[in-house]
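Peer 1: The task is simple: from the sequences and hints, build the whole structure.
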Amino acid sequence: TGLWQMVAEHSRARIVQHNFALPCEIPTGHLTTRLSGSRYMMTQAVNTRLGEAAANAVSLVDCERLSALIGKQRWCDPRYWNMSKQAVALEALPLLGRHTAAVIAADLGLSRKCLVLDLDNTLWGGVIAEDGLAGIKLGQGPDGEAFVAFQEYLLKLKRKGVILTVCSKNNHADAIQPFEKHPEMRLKLQDIALFLANWESKPDNIRTIAKTLQIGLDALVFVDDNPVEREIVRKFLPEVDVIPLPEDPSYYLRTLSDYLLLETSSLTAEDTERTDQYRARAQIMELEAAAGSIEDFYRSLRMQAIVVPFDASQLPRIAQLIGKTNQFNLTTRRHGMAQLEAFVLDSSYVHLALRLRDRYTDHGLVSVMIARQQGDILDIDTWLMSCRVIGRTVETTMLEQLCRRAAQLGCTSLRGTYIPTQKNAMAADAYAKHGFERVGNHEGFEVWTYDLAAKGLIANTFVKPVDSWELADGAC
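No gaps in the numbering here: position 276 of the sequence shown is 276 in my numbering, and each next residue is one more.
Keep in mind that the hints were calculated from the coordinates and are not lab data.
Glycine included, each C-beta is placed from N, C-alpha and C at the ideal position.
Below, simulated EDC-like cross-link-like pairs (lysine to aspartate or glutamate); rule was C-alpha separation at most 16 Å, straight line:
1) Lys181 with Asp191
2) Lys156 with Glu273
3) Lys169 with Asp204
4) Lys72 with Glu91
5) Lys158 with Asp276
6) Lys211 with Glu286
7) Lys137 with Asp248
8) Lys158 with Asp271
9) Lys156 with Asp258
10) Lys181 with Asp131
11) Lys160 with Glu263
12) Lys433 with Glu446
13) Lys169 with Asp225
14) Lys169 with Glu229
15) Lys188 with Glu152
16) Lys169 with Glu200
17) Lys160 with Glu273
18) Lys169 with Glu130
19) Lys235 with Asp204
20) Lys72 with Glu25
21) Lys160 with Asp276
22) Lys423 with Glu239
23) Lys211 with Glu239
24) Lys158 with Glu263
25) Lys188 with Asp174
26) Lys160 with Asp191
27) Lys156 with Asp191
28) Lys137 with Glu184
29) Lys235 with Asp218
30) Lys433 with Glu400
31) Lys137 with Glu247
32) Lys160 with Asp271
33) Lys188 with Asp276
34) Lys464 with Glu400
35) Lys72 with Asp62
36) Lys137 with Asp225
Label-pair distances were calculated between CB atoms; the ranges are:
37) Leu93 with Glu443: 35 to 45 Å
38) Arg372 with Pro27: 52 to 62 Å
39) Ala289 with Pro309: 33 to 43 Å
40) Ala282 with Ala454: 38 to 48 Å
Peer 2: And the structure:
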């Protein structure tokens, strides 16, 4: 861990650490698990300590799990160890490479976040409209048990923050029956962020899911037993990843477990509540469609925000947001835990974290801003916002709070940078629409300033800053 700390102090590199595969050549045989001083037990203890020490600051690749997956004797070839001290056999390197890449992708916010699930012969055996509630395979028999196991695994993914949605060619009334009435059904309607059962094409419905939840098509993974539907989605929505389910449902769970782009770099309280937050988003879109004007819509949400400086309890969630937010992210600078801790200790930095709540749900910590005072200028290093609250004026509230902090520090202007990427075009006008003026363009980076002394504070009348929540859950 001293090496980790040294790297963190001298660079902004993200640290990825492999742990150790337990040895398979054990002279003490089955007695080894009772001998605390054996190499086997000491290696196991080292792996445990690595996991504890890594916390959220270091990403770990579980080589012990991978060696068990491929087989210990295939994982380590003594010939390569004797020749070059290479611990992993050549045939195991592709597996190790894929899993290491998946961990890095998760750390960089490139994992997929939403499963789009078919129903018939995917979540249960048979066709609900033809076989009826009593006729589908779920719970009893080999196939029924396989579908239950698959659903239980989906629930575990949901608890780590993966969004579950349904896209099925079915009558809606038929499709919801198992969720409401079947005793062996593990998934319930409240576990599904958006439920689309109709006779529209699956590409059209998938586009609706992405639009309603305000996530990119490249965040979606399509899961369907029908190879024809899978091919249609591949053809018309190439951004969507498609998992080829095998014919035997007993292997559904393993197939999904082997899919690496659902890897996560950390787990926070917001992750466990994500489905509720996205279900609330669908309700909010219905409210927006019915509102007389956008101003009436904003007022009807009764939004409140708690904006506070970073503290230790928030840092894992802040690091997660910084690591994976791409759309509303003005600079896409990926600060890790060590750098965030340094910002907190450095008095020249201003750091703000915003939690949002409305009449429907607590959205959790959804926006982050980091700025540094340089004389009478407050220079914005990082400004980002979760995609699930885009279009809610949260960005104005963050600037409002930054203006107040700048005024307290005696700053007369704000300065911000916009660094274009392939994914953050939606944030290109964030500074312009709040009264900033572009003063330069350096190597593709746009530099913007706001004259605080001349223009005064930026204000948002639609989000009420509070010190603690004033709304009860579900208040209207």
